[in-house]
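Enquirer: Chain by chain, the residues:
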Amino acid sequence: MHTSTDSGNIVFQTLGLTKVYDMGEVQVHALRGVDMELYAGELVVLLGPSGSGKSTLLNILGGLDIPTDGKVIYRDHDLTRSTDRELTEYRRYHVGFVFQFYNLIPSLTACENVAVVTEIAKKPMRPEDALAIVGLNDRLDHFPAQLSGGEQQRVAIARAIAKNPTVLLCDEPTGALDSTTGIVVLEAIERVNRDLGTTTAVITHNAGIADMADRVMQLSDGLLAEQHRNKQKKSPQQLHW
Amino acid sequence: MKTLDRKLLRDLWHMRGQAIAIALVIVSGVATFIMSLSTLHSLQLTQATFYQDYRFADVFVSLKRAPEALRARIAEIPGVDKVETRVVTQVNLDIEGFSDPVRGQVLSIPDEGESILNRLYLRQGRLVDSTRDREVVLTEAFAQAHGLKLGDSLHAIINGRRKALTIVGIVLSPEYIYQLGPGDLSPDFKHYGIMWMARKPLGTAYDMEDAFNDVVLTLFAGSQPEDVIDRLDDLLEPYGGLGAYEREDQISHRYLSEDFKQLGQMATIFPIIFLGVAAFLLNVAATRLISTQREQIAALKAFGYSNLDVGLHYQKLIIVVVLVGVVGGLGVGVWLGTGLSEIYMQFYRFPFLKYELQPGVVMAAVVVSVLAAVFGTSNAVRKAILLPPAEAMRPEPPAGYRQTLIERLGLQRMFSQPTRMIARHLERRPVKSLLSVAGIAFACAIMMVGRFQEDAIEYMVDVQFELAQRQDLTVTFVEPTSGRGLYELQSLQGVEHAEAFRVVPARLRFGHRSYRTSIQGIEPDGVLQRLLDAELKPIELPPAGVILTKHLSKMLGIRPGDLLTVEVLEGRRPVREVPVVALVKEYVGLSAYMERSALNRLMHEGNAISGVHLSADIRYESEIYTALKKTPRVAGTVARENAIRNLFDSFGDTLLIFTFVNTLLAGTIAFGVVYNSARIAVSERSRELASLRVLGFTRAEISYILLGELGALTLVAIPFGLVIGLGLCAYIASGLQTDLYRVPLILEPSTYAFAATVVLLSACISGLMVRRHLDHLDLVAVLKTKE
Ligand SMILES: Nc1ncnc2c1ncn2[C@@H]1O[C@H](COP(=O)(O)OP(=O)(O)OP(=O)(O)O)[C@@H](O)[C@H]1O
Ligand SMILES: [Mg+2]
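If you read the sequences in order, they're chains A and B.
Heads up, the first sequence is in our numbering, so the first residue is 1 and it goes up one at a time.
Heads up, the second sequence is in our numbering, so the first residue is 1001 and it goes up one at a time.
Certain hints may be false.
[Claimed, not checked] Straight-line Cα separation of at most 30 Å, DSS-like style, residue types lysine-lysine; simulated pairs:
(1) B/Lys-1629 with B/Lys-1064
(2) B/Lys-1383 with B/Lys-1002
(3) B/Lys-1550 with B/Lys-1537
(4) A/Lys-123 with B/Lys-1316
(5) B/Lys-1630 with B/Lys-1064
(6) B/Lys-1064 with B/Lys-1149
(7) B/Lys-1585 with B/Lys-1261
(8) A/Lys-123 with B/Lys-1002
(9) A/Lys-122 with B/Lys-1002
(10) B/Lys-1383 with A/Lys-71
(11) B/Lys-1200 with B/Lys-1261
(12) B/Lys-1316 with A/Lys-122
(13) B/Lys-1082 with B/Lys-1064
(14) B/Lys-1554 with B/Lys-1261
(15) B/Lys-1261 with B/Lys-1550
(16) B/Lys-1316 with B/Lys-1002
(17) B/Lys-1383 with A/Lys-122
(18) B/Lys-1163 with B/Lys-1064
By construction, these hints were calculated from the structure, which means they are not laboratory data.
Isolated chain A, as found in the complex (with noise of 0.2 Å):
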């Protein structure tokens, strides 16, 4: 199994990290040269105001943007050199996504919704076996309308986690729960982090969520303002905001 942190195994590195939004008149710098780096199989929350550029970070680092400028390195491959091509084979083989608005396919139902991902993936997990990670092996028929906000979130967790990726990026994956909820969320977040050893990173606007982390960035206006190692983890139940 994975070691929890380890400097000699760097994820991901971004240097010096912009993206400037051209609005026509005016110009948003959403990113203004952030350097930072993820090992392998730590669990990293990243804080900050709202506006602070977190989700252009993550859409970066998950390969669904590109940066106007610095350089993302994924292990060995240059992402921000790479092609569109080998950005969606990027995103289909080593990236598990939560959004903050779960973004499930309405027309399909938890399982299916897991399955569109599985099947074109490399070494996948059964759907069944990932929605049991979350806890919700019985409703697997259920189509999202019929699921609450908390276990649609959670669908949304076994969908990013069951094509076994090597990294898992969630977009305020509690943002619209209530805390108990969102515990529960958290907890299936933390589970797959510790028990797959997969490399996570987890965007929050509550302070409180940052001490289930190993590692806590704090973002502010586009640039990397805080970094810090909590000496003590919490477990989710320990969380509360």
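Could you slot chain B with the ligands onto chain A? The hints should help.
Expert: Showing chain B with the ligands alone in chain A's frame:
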């Protein structure tokens, strides 16, 4: 099944209303395409087979009389393959239990027992025995019209003598697939019959022993028909040749060709409209679907589906709708095609019709429909392909509304808030609004096309029979007769008025163009036969000069004042230069007219007449008929009543079916466009409308906001539709301008009203269907779900 395909099926099921509406439009397009093309190809194939197997001739010519010895000279003309000489005569027929005048044409069958050209297809019985002189074979249409069977007999007035003939065979001929009597507007199987007798008895009766008055011939492949015709005309001139013509000008063949042309036209215009509208609807539906699925697209891409995968996914969905439409269209098209072929078979007398659906036609339908759909939706699908996943995860920015024209003009106070909302919404998507208007307009236009043919035919009949030819009966003599013939007929009991006419076959020439027709000499100040100008006012007949049908003057490139060369093809065959003095409007045939005495002078003859127009008291009808049948010189009698009735009998059913099918087709378009727009409007705006409901707007008010928009589009579309319809009818009419007939662009006000009504009704029905959705708008659910 792949999970993504499962999603596709469920998405389709979810939007089934729209999908069906769109598929129906495609069904209509594909059905008209399949119907017209499969019928066309089947008819063409049947025609070609019949022509080939029964040796349909290439060149035709009639003459007065030539010795059989001339046949060898004809055969020597370079390029001529086979030659057949014949005796062809016009007769009056007498059929038991049928008092109407019946005209007929009798053709000879060679004494060898079978023709070598224009051979007969024997449906029943046998061909005539040349050693017996009272045997006859009839065309199937004529036999059926009178219920005549083998062994029955009928009487023919052959050269003035009444002769009983026994039917020994029922036949079909490649020469008379379309069987039109001289001067008739439509095939009239009851009043005009074609039959064949052995050459010897027919020749004897008409003083044609060892002589002929008609020749047909085939040409070697690669020979020039024009050269053969020139040589033939030179050769036959001394024998009263009436001018040889090619197969292209043979009457039955001409009518078939014209009908084929129309079918071809139908196979293009209608499918283009339908597939165009379908492509537009698909585009609208796909655009909407893709924008509601932005976040799903983002998720799929985030999980490693490529842009191409996503594009294909939506493309597949579109193609499924198209294929459903194509399959439905194939079914309906084949069904309509067999029906249409049957209708054609009522006019066309083929021995068989091989209705077959050519794989090529099916392929073309599939390819054209799929291409139209793929092309039409390329924009929407491209959006899905290009949608950057990072951007797709954020909700679409709110729609950018602007102040409308109304508000910029400061007129807003004149309109209620809901009305302003309608205006804003329409203005925000000008292209979509415009295309919706175009779609509805086309529905309206198609509706008009269906009724146009009916209007035009009614109008032509009105002009032809109410204004121009007002006689009840037309009697033609075997040969030009002295003016006394007129007085004999005038004195018959029941005849109210009689007007003589003279008809002379002639070739009219101007510059290098020429046309073979006849010159009709008519009485000045006639009340029965009149010539009409462009305003349908009777023309004062000038004492000299020739009057041409407008279309003929166009064909010859001649104008009033120019000198026309008239080569008479009768008697001493004078050639004269005659000035064109006026033009007349006529919808059928291409005639030239002169005052009768002027024509007599041109012919260097006395007071000769070819026939008489009569108006008569209907009560004496049968007495007049009987008297005419007994008059030896009478070659034939045509009753106007029969001509009109027959025209409507033969076209009536067809027109009814066309109007019905067109109504259905137009309905599907109107319904498809309106229903789709409405469903999309509901999906786009249910949140907004639900919010309004929460704020206290009534159901009627929110229905007004939504349906008012569609109502506005429909009302704007109708005038455009009427104009497009007029254009479409003009285009169709332009294809119906031939020397055989010219269909005028006539649309009755009732047709405009009808088209508008059908469109409004379709719009209302789809509006009502959508309104049910609005009434059941679940306020809580709508507001809870995010866009
Ligand atoms: N597609 C875009 N076009 C223009 N500006 C954008 C776009 N995406 C993000 N931005 C801007 O970039 C900045 C950073 O956005 P980002 O979504 O990364 O913030 P965030 O930290 O995730 O905020 P939140 O906590 O509200 O989600 C913001 O100012 C945002 O307005
Ligand atoms: Mg964010």
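Enquirer: A separate judgement is required for each hint: does it hold in the structure or not?
Expert: Hints versus structure:
For the hint pairing B/Lys-1629 with B/Lys-1064, the CA-to-CA distance comes to about 24 Å; that is within 30 Å, so the pair holds. About 23 Å separates the Cα atoms of B/Lys-1383 and B/Lys-1002, which keeps this hinted pair within 30 Å; it holds. Restraint check for B/Lys-1550 and B/Lys-1537: the C-alpha separation of about 15 Å stays at or below 30 Å, so the hint holds. Between the alpha carbons of A/Lys-123 and B/Lys-1316 the distance comes to roughly 27 Å, so the proposed pair stays at or under 30 Å and holds.
Distance restraint check for B/Lys-1630 and B/Lys-1064: the Cα-Cα separation of roughly 25 Å lies within the 30 Å cut-off, and the hinted pair is therefore satisfied. The suggested pairing of B/Lys-1064 with B/Lys-1149 is violated, with an alpha-carbon distance near 34 Å, which exceeds 30 Å. Distance hint between B/Lys-1585 and B/Lys-1261 is fulfilled; the C-alpha atoms sit about 24 Å from each other, no more than 30 Å. For the hint linking A/Lys-123 to B/Lys-1002, the alpha-carbon distance of about 17 Å falls within 30 Å, and the restraint holds.
Straight-line distance between C-alpha atoms of A/Lys-122 and B/Lys-1002 comes to about 16 Å, which keeps the hinted pair within the 30 Å bound. At most 30 Å may separate the alpha-carbon atoms for a hinted pair to count; B/Lys-1383 and A/Lys-71 meet this at roughly 28 Å. Proposed proximity of B/Lys-1200 and B/Lys-1261 is contradicted: the alpha carbons are some 41 Å apart, above 30 Å. Taking the CA atoms of B/Lys-1316 and A/Lys-122, the gap is near 25 Å; set against the 30 Å cutoff, the hint holds.
About 21 Å separates the Cα atoms of B/Lys-1082 and B/Lys-1064, which keeps this hinted pair within 30 Å; it holds. Distance hint between B/Lys-1554 and B/Lys-1261 is fulfilled; the C-alpha atoms sit about 21 Å from each other, no more than 30 Å. Between the alpha carbons of B/Lys-1261 and B/Lys-1550 the distance comes to roughly 23 Å, so the proposed pair stays at or under 30 Å and holds. For the hint pairing B/Lys-1316 with B/Lys-1002, the CA-to-CA distance comes to about 13 Å; that is within 30 Å, so the pair holds.
Proposed proximity of B/Lys-1383 and A/Lys-122 is supported: the alpha carbons are some 29 Å apart, at most 30 Å. Proximity of B/Lys-1163 to B/Lys-1064 is assessed by CA-CA distance (about 23 Å); at most 30 Å being required, the pair is judged to hold.
In this structure, the earlier hints numbered 6 and 11 are contradicted, and the remaining ones agree with it.
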